[in-house]
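We have chain A already, so just place chain B on it with the hints.
Top to bottom, those sequences are chains A and B.
One point on numbering: in the numbering used here, the residue at position 121 of the first sequence is 121, and numbering is uninterrupted.
One point on numbering: in the numbering used here, the residue at position 529 of the second sequence is 1529, and numbering is uninterrupted.
In case anyone wonders, no lab produced these hints; they're calculated from the structure.
All of these numbers come straight from a predicted model, not from anything done at the bench.
Do not take every clue at face value.
[What the hints assert, rightly or not] Listed next, the in silico SDA-like pairs over lysine to any residue satisfying Cα-Cα at most 25 Å (straight line): (1) A:Lys446 with B:Lys1530; (2) A:Lys530 with B:Arg1097; (3) B:Lys1102 with A:Glu90; (4) A:Lys102 with B:Arg1146; (5) B:Lys1057 with A:Thr519; (6) A:Lys54 with B:Arg1146; (7) A:Lys121 with B:Thr1012; (8) B:Lys1054 with A:Ala53; (9) A:Lys121 with B:Ala1038; (10) B:Lys1453 with A:Met77; (11) B:Lys1057 with A:Glu90; (12) A:Lys536 with B:Lys1128; (13) A:Lys315 with B:Pro1046; (14) A:Lys128 with B:Glu1184; (15) B:Lys1102 with A:Arg208; (16) A:Lys121 with B:Asp1016; (17) A:Lys102 with B:Arg1097; (18) A:Lys121 with B:Pro1046; (19) A:Lys536 with B:Leu1448; (20) A:Lys57 with B:Ala1514; (21) B:Lys1102 with A:Glu325; (22) A:Lys121 with B:Lys1530; (23) A:Lys128 with B:Arg1101; (24) B:Lys1530 with A:Arg4; (25) B:Lys1026 with A:Glu89; (26) A:Lys102 with B:Tyr1091; (27) A:Lys128 with B:Glu1056; (28) B:Lys1446 with A:His7; (29) B:Lys1536 with A:Ala53.
Protein chains: 2
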Amino acid sequence: MVTRLSHLFVRTLREDPAGAEVTSHKLLIRAGYIRPQAAGIFAWLPLGLRVKAKIEKIVREEMEAAGAQEVHFPALMPREAYEATGRWEEYGDLLFRLQDRKGGDYLLAPTHEEAFTLLVKDLYSSYKDLPLTIYQIQDKYRDEARPRAGLLRGREFTMKDAYSFDYTDAGLDASYQAQRDAYERIFQRLGMEYVIVQADAGAMGGSRSEEFLHPTPIGEDTFVRSAGGYAANVEAYTTPAIAAVAFDADAAPVIFDSPNTPTIDTLVSHSNAVLDGEYTAADTLKNVVLALTHLDGTRELVVVGVPGDREVDEKRAEVAFAPAEVEPASDADFEKNPLLVRGYIGPWSETGAVLGEESATGIRYLVDPRVAEGTSWITGANIDQKHAHSVVAGRDFAADGFVEVAGVRDGDEAPDGSGPVTIARGMEIGHVFQLGRKYAEALGLKVLDENGKLTTVTMGSYGIGVTRILAAIAELNSDDKGLIWPETIAPFDVHVIATGKDDVAFDLAAQLSADIEATRRDVLFDDRPKVSPGVKFGDAELLGVPTIVIVGRGAADGQVELWDRRSGERETIAASELIARLG
Amino acid sequence: MVTRLSHLFVRTLREDPAGAEVTSHKLLIRAGYIRPQAAGIFAWLPLGLRVKAKIEKIVREEMEAAGAQEVHFPALMPREAYEATGRWEEYGDLLFRLQDRKGGDYLLAPTHEEAFTLLVKDLYSSYKDLPLTIYQIQDKYRDEARPRAGLLRGREFTMKDAYSFDYTDAGLDASYQAQRDAYERIFQRLGMEYVIVQADAGAMGGSRSEEFLHPTPIGEDTFVRSAGGYAANVEAYTTPAIAAVAFDADAAPVIFDSPNTPTIDTLVSHSNAVLDGEYTAADTLKNVVLALTHLDGTRELVVVGVPGDREVDEKRAEVAFAPAEVEPASDADFEKNPLLVRGYIGPWSETGAVLGEESATGIRYLVDPRVAEGTSWITGANIDQKHAHSVVAGRDFAADGFVEVAGVRDGDEAPDGSGPVTIARGMEIGHVFQLGRKYAEALGLKVLDENGKLTTVTMGSYGIGVTRILAAIAELNSDDKGLIWPETIAPFDVHVIATGKDDVAFDLAAQLSADIEATRRDVLFDDRPKVSPGVKFGDAELLGVPTIVIVGRGAADGQVELWDRRSGERETIAASELIARLG
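Just chain A, with the same shape it has in the complex (with noise of 0.2 Å):
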């Protein structure tokens, strides 16, 4: 049935909507796609829904083909099986938590890895029943404390949670693959661009963890990735182990007034000043007191050395210290540990070590892989207005590990040898993920295996972010006149304008509409009278179906104009030929 734009639920917008930042936020806004409801929560309308449908039966097509079987969980569930797993806790105040007239806990699910794991066990019980893919379209829910960004970064979402159940690492490898696979298909049907990079587990636990990023100057992830083929979301980069290089034994590390220089800047210019040398950032070992609160709420502080010439990059010191939490250490941090002289801190002093294994502080202190073995710094010397030279790792100081915390920087060697990597801005679309078997574990899921044993199952998680992946397209998708559908998701396959006062013209374009009907297309019939061509061109333009095809003066000759949204391209052309031309 022709849809009728006369009749269709819809109000195009003429100017931004408050608060919107991002293109497609705005765009999807003003064509009236979607409608806001409360901060993060969106209301579809039949345009958006139409959309959504079609990104939703790609999915579906390609869960199905890659063996996964589609289940649906509801959005409230009770607290138990997140209990069990942490999760209740660990979400914070990202989940939705409530109670119903029982005082019973539930919370609105932002993903389901427990419920899952549930079934199965409540289902399954041996190894000939795996292996297991199951899927779900599902509206998730996280408070999330700035949503932003329209459909990007909502508190209401659909996404497509994939979990898989095996019995053997080889099985859960498998598995992964096809999921892997079917993301690939998802994307290139799509027509959307993406990286696939390594991930950090994270909170989630497990191992292989890959994340698909569509590389967009608006992504809140920053990634990495070598000519040579290695990509990696920022916070999973590595750096490459550095070989310990030969040191003195016998030098000592000096000490050295360097009054007023509490930054890297002021040491550095006073260092090349009294030593006359040509020092630069990083020659020299910064030293970063972070606390973390750890998940039983107990506070720890800890030393992170750096070269000087690199910051601690948040993210990756969250990533570092998962599951606890990560932030700058406070005054009172300072005041109660009088042995880090804030400005001057270092893991060597005329007392022997400060920092470090042979320390006393009882502060853990971890180093950056470039402070390797044998390299020599200028640091602080853990008195005020001094610091010191030629201080040894390995020789003057040990530390009591590696860690990866300091900023990565576009030339960075990948840690695979795969050459220098460049620094890139990418919006998560897709994540698939080796849970291996924490869940299982937290939540007893075993099968019985080929001889009779009880093995605890493992598992993977994949998900796609459905309402995410349509803005994210429609982010790319369009001009500063609106929106320009691919033509796999577009609302309809073709936009048909009548215009002027003539019947002749809304005649024919109510015949070619049907017309175009009949070839399993879906049309939009632009057949609001005393509308004028230039609002008709100006919504169609908006609304981004791919083809439009224009019914006015030429009508009564049986000539139409075949508008390409994308290109721009007008051709005119006779309406008998039309059909064929759309192909």
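Structure of chain B alone, referenced to chain A:
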């Protein structure tokens, strides 16, 4: 793609699940269609999801045919709009309420009148935009006190809810009729028996209201219907008006001793003994004290007078006094009101009118319409151990009004003169409803009419319980062996079973499955090796696919068995004829 049972995520159970009382609840769990997650909250397994999707497809098709357009709202909605219409409070404990991290109040929507009203207000402003009917198929939430009967009364359920918007009453009538007609087509396509009954508008406000009830002994609704075409929910039934009867203005009521007669039975026996009469319970006027709790929290006592042969019907009383809550008066209520002599309450006493218009008690007295002017009653005398006879309505007392709270019985007359009614049980499967201007007024939805004047929009609300319908169909279509799906919504069209150890049978079954699938039918192929024919047949009966094909010993001779699940008939046919036989 043929679905293989060896791969399908399902586990059939031989035993009824604990706590399941109704057939559909037991069978849908035993056959692996759904799994409970919490009280009244279920997960959908692949089989259940297939049936649900088919019902939703039928609903969608009929909605689109009726000109309704699909939209989609979040389940999580902010409090404000529900506050504006009073429903944030009115829903009481039925509402799941929660707060976000900033302390904002939210609810899980039990229905979306407010949201739809605001959406239309947001986008539309002219009569030219109307009529409009928009709908969604969406998961809703109600925190039922006693979730029971599986999907029939859950706390999360899928509904199709539609809302119409018009600016004239005639427009509303047309929109209402279009939805009503669509509902009839939906239930006809689903093969569901239904009765359209007049319903009380209830707390939703508004005028015309009809329910689609599916007659079933397990239904929670009681309805009446006459042979002449009257049908009403028992709460909406109204007693035909009874004409006033002539009475002797000079005669007087007589008080008589009636020790130990606090019940109607004891009163009738005693009266017949001491008055030498042939009275029945219908000659007595029973006065029941009810306590109303109004929305503002105030408590009011009301006395209702009904013929002694009828009880006060709790549900009819709820409707009669809505939105106040109704309960029997408590001991404390009686203690505070010594004029109300328990067991001997009447509207008249020697001292004059005790209840009703001329009374000084301040307690309203409402009577059944059968207590018409001129009717004479035996009733309490407001003196302990005493009743009065010949107490005439309109002469000795005057009620404050009529009230429809008396129970309805088989044989009561329909109010439209279409004859006596019979009572039956039904399950509500749909509700169509003229809301009128209540929501539009509360939320300020107005449009400019033809004359450029602002006019308040009038609305309709139309609901169908998708998951409830699924359960009702399962309930209706089952036997002691399992489910028997109608072809329109069966999870698969054909269930092919391979039996024996013979590759010939398995190969033929696989080939036939593919051949049937090629005719655009959904096929489930029981390819499980080493499973006995008895188990396979039992599973087939439990799962309830309407047509079963058994490929076993006859396979070598090209013979298969065609088994009709509903009739139980099995017939041996040539495999080569199978497709033709399926029609």
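query = Taking only the CA atoms, is the gap from B:Lys1102 to A:Glu90 under or equal to 25 Å?
reply = 19 Å, holds
ask   = Between A:Lys315 and B:Pro1046, is the straight-line Cα distance small enough, at 25 Å or below?
value = Not satisfied, since the Cα-Cα distance of roughly 39 Å exceeds 25 Å.
ask   = Under the criterion that the straight-line Cα-Cα distance not exceed 25 Å, is the pair B:Lys1057, A:Glu90 satisfied?
value = 40 Å, violated
query = A:Lys128 and B:Arg1101: Cα distance at most 25 Å?
reply = 45 Å, violated
ask   = Would the pair A:Lys102 and B:Tyr1091 pass a check requiring their Cα atoms to be no farther apart than 25 Å?
value = 16 Å, holds
ask   = Given the proposed pairing of A:Lys57 with B:Ala1514, does the C-alpha separation stay at or below 25 Å?
value = 23 Å, holds
query = For the pair supplied as a hint, A:Lys121 and B:Pro1046, is the alpha-carbon distance within the 25 Å limit?
reply = 16 Å, holds
inquiry  = Against the 25 Å threshold, does the CA-CA distance of A:Lys530 and B:Arg1097 hold or violate the hint?
reply    = 47 Å, violated
message = Can you confirm whether the C-alpha distance between B:Lys1102 and A:Glu325 stays at or below 25 Å?
response = 21 Å, holds
message = Need the status of pair B:Lys1446, A:His7: alpha-carbon distance at most 25 Å?
response = 19 Å, holds
task = Take a quick look at whether B:Lys1054 and A:Ala53 sit within 25 Å of each other, Cα to Cα.
result = The given pair, whose Cα atoms are some 16 Å apart, holds under the 25 Å limit.
task = Could you grab the alpha-carbon distance between B:Lys1453 and A:Met77 and see if it respects the 25 Å cut-off?
result = 49 Å, violated
Checked against the numbered hints above, the structure violates hints 2, 6, 10, 11, 13, 14, 15, 23, 24, 25, 27 and 29; every other hint is satisfied.
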